[in-house]
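*Asks:* With the hints as constraints, model all of the structure from the sequences given.
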Amino acid sequence: MSAVVAFPRPRAASDEAPVVEVRSLRRRFGERSVLDGVELTVGAGEFVSIIGKSGCGKSTLLRLVGGLDTPSEGTIRRDPSLNLVFQDARLVPWRNVWRNVTLGLRGEPLQRRDGARRVLAEVGLEDRIDDWPATLSGGEAQRVSFARALLAEPRLLLLDEPFGALDALTRIRMQNLIARLQRDHGFAALLVTHDVEEAILLSDRILVTRDARIAAEHHVTLPRPRHRTDPSLLPLKQALLADLGIADA
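Just so we're aligned, residue 1 is where the sequence shown starts under full-length UniProt numbering, counting upward by one.
These are calculated hints, taken from the structure and not from any lab test.
Idealized CB from N, CA, C, for every residue including glycine.
Some hints here could point you the wrong way.
Quick list of the computed label-pair ranges, beta carbon to beta carbon [said to hold, decoys possible]:
| no. | residue 1 | residue 2 | range |
| --- | --- | --- | --- |
| 1 | ASP114 | GLU39 | 38 to 46 Å |
| 2 | LEU110 | GLY245 | 49 to 57 Å |
| 3 | ASP114 | ASP211 | 22 to 30 Å |
| 4 | GLY30 | ASP114 | 23 to 31 Å |
Calculated pairs, EDC-like style, for lysine to aspartate or glutamate (alpha carbon to alpha carbon, straight line, at most 20 Å) [unchecked claim]:
| no. | residue 1 | residue 2 |
| --- | --- | --- |
| 5 | LYS237 | ASP204 |
| 6 | LYS237 | GLU161 |
| 7 | LYS53 | ASP211 |
| 8 | LYS237 | ASP184 |
| 9 | LYS53 | GLU39 |
| 10 | LYS53 | GLU217 |
| 11 | LYS53 | GLU140 |
| 12 | LYS53 | GLU197 |
| 13 | LYS53 | ASP243 |
| 14 | LYS53 | ASP130 |
*Replies:* Listed below in structure tokens is the structure:
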């Protein structure tokens with residue numbers, strides 16, 4: 001038996017009820033178990049990262065939480081106020097930037113454009129509001145994707161390797177951007193990443209997946225803002241690499 005339940009929550013700042021609760025989750029593809037008995041909770045305003053080797057079920061778990069796939073067994077309870085950001089920006093090429101940001105929303109065009117302008121300003125792209133996706137760099141396109149995700153003020157963002165296709169410098173800028181947006185808006189985030197350092201810089205908790213399960217959990221107690229050159233990051237980085245079976249040479 002499996003179930004996916006959306007449960008509404010008030011937006012009061014004092015509400016600490018989880019935005020995601022996963023219990024005894026299993027996902028099979030034929031005879032192969034990708035997820036086997038996964039338990040996961042994400043608290044309101046919490047930033048949780050999932051790391052693991054390729055093929056270990058990270059993205060499958062995110063898709064299940066986001067309602068893009070159906071579990072073989074187990075239950076998923078999630079706040080209905082959520083949005084997803086993927087590795088590719090998924091912009092519609094024949095719509096300009098503001099119409100991509102407001103895609104699927106109803107209302108007068110002027111009101112939708114004003115809403116798009118507000119969130120584009122937050123990601124530093126207000127001046128590109130009328131431009132076409134083909135004119136944007138990879139980092140700019142991904143910022144438009146984040147603006148689109150933020151427009152409805154979700155309580156939960158699901159992030160599937162959102163910086164994976166970006167160059168190193170753009171990736172650092174985007175990490176700084178998402179840290180600021182999460183601080184300003186207070187949404188919870190569930191991030192899938194292969195980048196151990198990225199997980200440390202952004203997260204309150206880091207989960208390590210292995211053999212179809214969550215094999216380890218690390219609470220990140222380092223003060224914010226965090227800097228990649230800070231030597232206090234090293235012990236946690238070494239512990240995570242050890243969990244992944246990687247020697248830190």
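*Asks:* Work down the list of hints and note, for each, if the structure agrees.
*Replies:* Each hint, compared with the structure:
| no. | hint | in the structure |
| --- | --- | --- |
| 1 | ASP114 to GLU39: 38 to 46 Å | holds (43 Å) |
| 2 | LEU110 to GLY245: 49 to 57 Å | holds (55 Å) |
| 3 | ASP114 to ASP211: 22 to 30 Å | violated (50 Å) |
| 4 | GLY30 to ASP114: 23 to 31 Å | violated (49 Å) |
| 5 | LYS237 to ASP204 | holds (14 Å) |
| 6 | LYS237 to GLU161 | holds (19 Å) |
| 7 | LYS53 to ASP211 | holds (10 Å) |
| 8 | LYS237 to ASP184 | violated (27 Å) |
| 9 | LYS53 to GLU39 | holds (19 Å) |
| 10 | LYS53 to GLU217 | holds (15 Å) |
| 11 | LYS53 to GLU140 | violated (28 Å) |
| 12 | LYS53 to GLU197 | holds (15 Å) |
| 13 | LYS53 to ASP243 | holds (11 Å) |
| 14 | LYS53 to ASP130 | violated (40 Å) |
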